[in-house]
Amino acid sequence: MTNPIADWSHANQERAQQLMARYPDVRSAVMPLLYIASLEHGHVTDEGMRQVAELIGLTPAQVHSVASFYTMYKRDGVGRYLVSVCTSISCFLRGADDVLAAVEEATGTVDGETSDDGMFSVEHVECIGACGGAPALQVNYEFVEGVTPDKAVALCRWLADGRPDVVRSDEMQALFGGRASFDPGPADPEGAIAPVPAFGPYGSAASGPQRAGR
Amino acid sequence: MTDRILTVRMEAHPQDSHTLATYEATGGYRALRTALSSMTPDDVKAQVKASNIRGRGGAGFPTGVKWGFLPEDLRPRYLVVNGDESEPGTFKDRILLERDPHQLVEGIIISSYGLDVHHAFVYIRGEYPKPARRVQQAIDEAYAAGYLGSDILGSGFSLDITVHLGGGAYICGEETALLNSLEGRRGEPRIKPPFPAVAGLYAKPTIVNNVETISNVPWIVANGGAAYAAIGPERSAGTRMFSLSGHVNRPGDYEIVMGMTWRELIYGIGGGIPGDRALKTWIPGGASAPWFVPDEHLDTPVTIDDVGANGSMLGSGAVIVMDETTDVVAAAHRIVKFFAHESCGQCTPCREGTTWLERILWRILNGAGRPSDLDLLLDVCDNISPGLRWPPAMTTICPLGPSAVSPITSIMRHFRDEVEAKIRTSEGASVG
Ligand SMILES: Cc1cc2nc3c(=O)[nH]c(=O)nc-3n(C[C@H](O)[C@H](O)[C@H](O)COP(=O)(O)O)c2cc1C
Ligand code: SF4
Ligand code: FES
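Order-wise, the sequence lines are chains A and B. Residue numbering for the first sequence follows the working numbering, starting at 4 and increasing by one per position. Residue numbering for the second sequence follows the working numbering, starting at 12 and increasing by one per position.
Bound-form chain B, shown alone (with noise of 0.2 Å):
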């Protein structure tokens, strides 16, 4: 059974899994040429919707439907990687860029040929030259054996990739900002619909997949679709790509099948809590996730769908963990400033809530929290993403203000009595 396909290169090869040479070697474009050669467009397609792959960037939607959407008469379509990694937690896609840019590369070719797309774009986060640097590396390689440019191989199919580097803003990571960051504007989230696949990059049907989707792809048709969706449980196909941080032994860059407990994940995987200190809480899918708590979430699956079923989200796979040393209420003033510090603006309740958000738990944290701050925070929070549920209700025109929400409900929910103690202090404080 297969437990590894987008790391098995990298580790084989150390010092080289990046060049032309080893990719090839190694079974690289050889797909490329099967698909090329024996298959049509819509095979691909085929494949790549029978594997059951759901996207990595972080909604997990089934890459094979959204595929589908492309209206069918309109030219030119445009495919776009996603690369502007930038979730508090996640450094997944920056393995993949740096360590096996061809597998990448081989995937697009892929990928366009299917969706009859002649020029694809990279958007890399700014802060990423050394994975830009490798993937335009790879890209020069491939124009140079034939595997891009015009009549690849012989085969009448032609396309063109081009780099794109970022900024320095996480908004950009959402499909409608990064096209419009990719057009050249601010890279401010469009309102939906229309969906990209109709009217994406310069208003013509566009494909947005993550980094990691789309390095998928050569194994997909290599293998089968098939062969992918008999990997791990039904509903979460595939390997995937977890970043682990914080507060455990061994973090970093896992590709694991999805399934096992949370207990195997930080416990086995991450080899446990340095210093045998307590778990206290984690977060299991990156900045924007609600927080799990070892007593109710500890043995429970790492799937897409359990962890949905528990309250949170899978999203970009990054996992961070924190013992029981944590101040958690500072830990959660760092995430809320994150998210009032990459707010574009647009809406209301984003712009101000999230700077709302922020300066509570700021003088909570220093001494000069208020009886009523509990309240208030949850009102704002409630402002936001009115009724507090989950997955968020939505007031504005992207996810990024109702993520600011969850780790203030995390905190409120879990560690209410921590969040007190510190206000009580402060009374005492301003008293004293």
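Just chain A, same shape as in the assembly (with noise of 0.2 Å):
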């Protein structure tokens, strides 16, 4: 039997075997596989969807409706840095609406789309959980929360010329931060190396695969 995942790191082909492992039905790896497939492609392509589909015995058609259901299956490029901005009530209440214009212009790029050189997409999104540190807002799912319109331009502009491999939620909260939902404790060595949650078994900075390709 040919091996649909050939072309994934080792790395990531181990996970993909463990993960399909962890559930009482290989289905249900579906939404971790996505993931994985989406830090090898860069995004979820086609030929991400029909190689998940493959390896748990679904059809292509089947794994696209389930990634077309979810906001975080990209399947269109994303940019290096997808910049995430709440627009949701309480964000809104404290200025969420100034924070994406600035975020807009600091990266030439309107919500929703991605730069023509690839470095930044952008989105709004509904409440991310970080209302008390209201206005909040995501870099490949690491929370930066107390931002006003100028340290989200700042902030634009550090990945921008720093173009960094992993970005870590405290350190961007210490530089361009400001009030949080709660006191985030110790600093967390891990961070995200792609837009993807950066969760161990789907890969992050300090464990697991890497970023292939890119």
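Any given hint might turn out to be false.
As the list claims (entries may be wrong) - Using C-beta positions, here's what the derived DEER-type ranges look like: (1) Glu275(B) with Asp164(A): 13 to 23 Å; (2) Gly378(B) with Gly60(A): 30 to 40 Å; (3) Glu275(B) with Gly60(A): 52 to 62 Å; (4) Gly235(B) with Pro27(A): 52 to 62 Å; (5) Glu35(B) with Glu17(A): 25 to 35 Å; (6) Trp373(B) with Glu108(A): 16 to 26 Å.
As the list claims (entries may be wrong) - Simulated coverage check for chain B against chain A, where a stretch passes if three residues somewhere in it have a Cβ under 8 Å from a Cβ of chain A: (7) 14 to 27; (8) 114 to 122; (9) 169 to 182; (10) 247 to 259; (11) 337 to 348.
Unchecked claim - Some residues of chain B that are not near chain A, with every Cβ distance over 12 Å (derived): (12) Lys60; (13) Gly157; (14) Glu431.
No lab work stands behind these hints: they were computed from the structure. Ideal placement from N, C-alpha and C gives every residue a C-beta, glycine not left out.
Using the hints, put the two chains back together into the complex; each one sits in its own frame.
Encoded structure:
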């Protein structure tokens, strides 16, 4: 039998096998596998969905139907840094629309689009659970709370100039954040290596698979 | 008298409350040892029932009663912890996941022992990678220490826990949508019955509980259900996490005993309104809840039943405060937009209705409102939630649709003149 994910990194192939063994029914692995496929290909591609489908015995159409339901499976290309600005009620009350406008301006990228150089994607999102530190945003799903339009601009410049391989919430919060929803405690060494949530089993900086060929 | 349970450790040990070493050094996993060595599963269930704890995910259903719905003879059973936390204004599970993950893990193990569950799941929203990392680290530590896996502490009881990350969809917080998502499907709510306790994950009996609910279980087992029931007002037992946001001086997570007044919560704990501006309105229990106003509600008690009797709900414990400068039409629009975006699309009244409501509010907000829009708004609301009663009548598979009606009925009831004024301005604008 051919290996449908032969082109994935060795580490990611191993992760995939471990994930599939974690559930009583292998179909449950479709969501984590889609995250790994996004790491491999930069976003959820047709090829990635075909691979995941073959791996767990679904049709590509079934996998597509799942992927298209959720906002975090990006089917168009995503920039190196996905900046997600919360514009839900608590952030709205504390000036989120101005933060979004500042991010659009600083990145030259309007809400929902990716910059021509592939550096940024900008999106407005619904509540991300940081309302005590409103207005809040995430970069590759890593939180920055208590931002202002000026600090958001500085954050975007910092990303564009430094092009960090790993973005960490604690680091960005210290540099560009303000009031947070709660005391975050000690710094967390892990961070995001791509616009995919940095959760060990699916890939993050301190452990697990690395971003492939970008 | 105990006034805090869940946040004691993180406050005393801000640098390492999430580690196994600190958890054990502060009494952690002692309740588990007690449960496994000297209690039967029925004893565990009896203590949870006696605690009178009501679910912290939103509906406030008594946990002990829910646990009793599992059919006697069907195996396997599953426990699924709901960490999807996406109701706008809510950020209280995040702190529990991040700052005291072992408390949750111990709660899961004890609950699973009581429920005869051998595989539990923690469903965490995809936008919470750090909380998920912390929970996974705690689980890894618990395996290494013999609190998870097979034959836990030599008791013969075995349990595995799997962490599952969501994909960005509010609706997956609804328990049957969550189960579909966990099965690798679109997160669409299922028609109930059957309820998850009878046919849940993989059609097997399943208990779904919120992160905060399960985090209370170690304390309940260590101190006894009666001790928990003795905290706070009779039908709102225990402490409760509140997420305070919006126009308050001290937004944040607060664990409090229910029963204080809204005035005490907003002005005492929340530190009042920035710039000493006047309080205009607040949402007592997340974006789905009808709004409260100072004249009627400021001195009413913060309990599940009092808030319900006053026509709203304590829901997820998210309190969103708006001061006198707030444009309530804009605020309502923002909330309706959320529901329109998050509707899963299965039911026509929800899918079409929320979109309509959003569009009508948008045009009122942008100077293109028509006098007939007031009736139209209420008409569309009535289609989604006939009679506009509280609690809402249901024409839909899940309560998301009716939730979108709350902000509109709230502004029509308390701030109708402001909505009308916006429409009058629009008319002027269109003439001029
Ligand atoms: C639209 C919708 C969203 C919900 N979101 C959540 C959520 O994010 N977290 C949660 O625990 N419960 C949520 N619930 C409630 C769950 O369906 C379920 O009642 C709860 O998880 C049960 O746990 P509990 O009894 O411990 O509260 C939601 C319900 C609805 C209708
Ligand atoms: S009420 Fe809305 S969200 Fe709920 S099942 Fe129906 S369409 Fe989906
Ligand atoms: S409303 Fe923005 S994080 Fe909750």
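Now the hints, each set against the structure:
no. : hint                                 : in the structure
1   : Glu275(B) with Asp164(A): 13 to 23 Å : violated (48 Å)
2   : Gly378(B) with Gly60(A): 30 to 40 Å  : violated (55 Å)
3   : Glu275(B) with Gly60(A): 52 to 62 Å  : holds (57 Å)
4   : Gly235(B) with Pro27(A): 52 to 62 Å  : violated (35 Å)
5   : Glu35(B) with Glu17(A): 25 to 35 Å   : holds (32 Å)
6   : Trp373(B) with Glu108(A): 16 to 26 Å : holds (24 Å)
7   : 14 to 27                             : holds (count 4)
8   : 114 to 122                           : violated (count 0)
9   : 169 to 182                           : holds (count 9)
10  : 247 to 259                           : holds (count 5)
11  : 337 to 348                           : holds (count 5)
12  : Lys60                                : holds (28 Å)
13  : Gly157                               : holds (20 Å)
14  : Glu431                               : holds (23 Å)
Hints 1, 2, 4, 8 from the earlier list are contradicted by this structure; the remaining hints agree with it.
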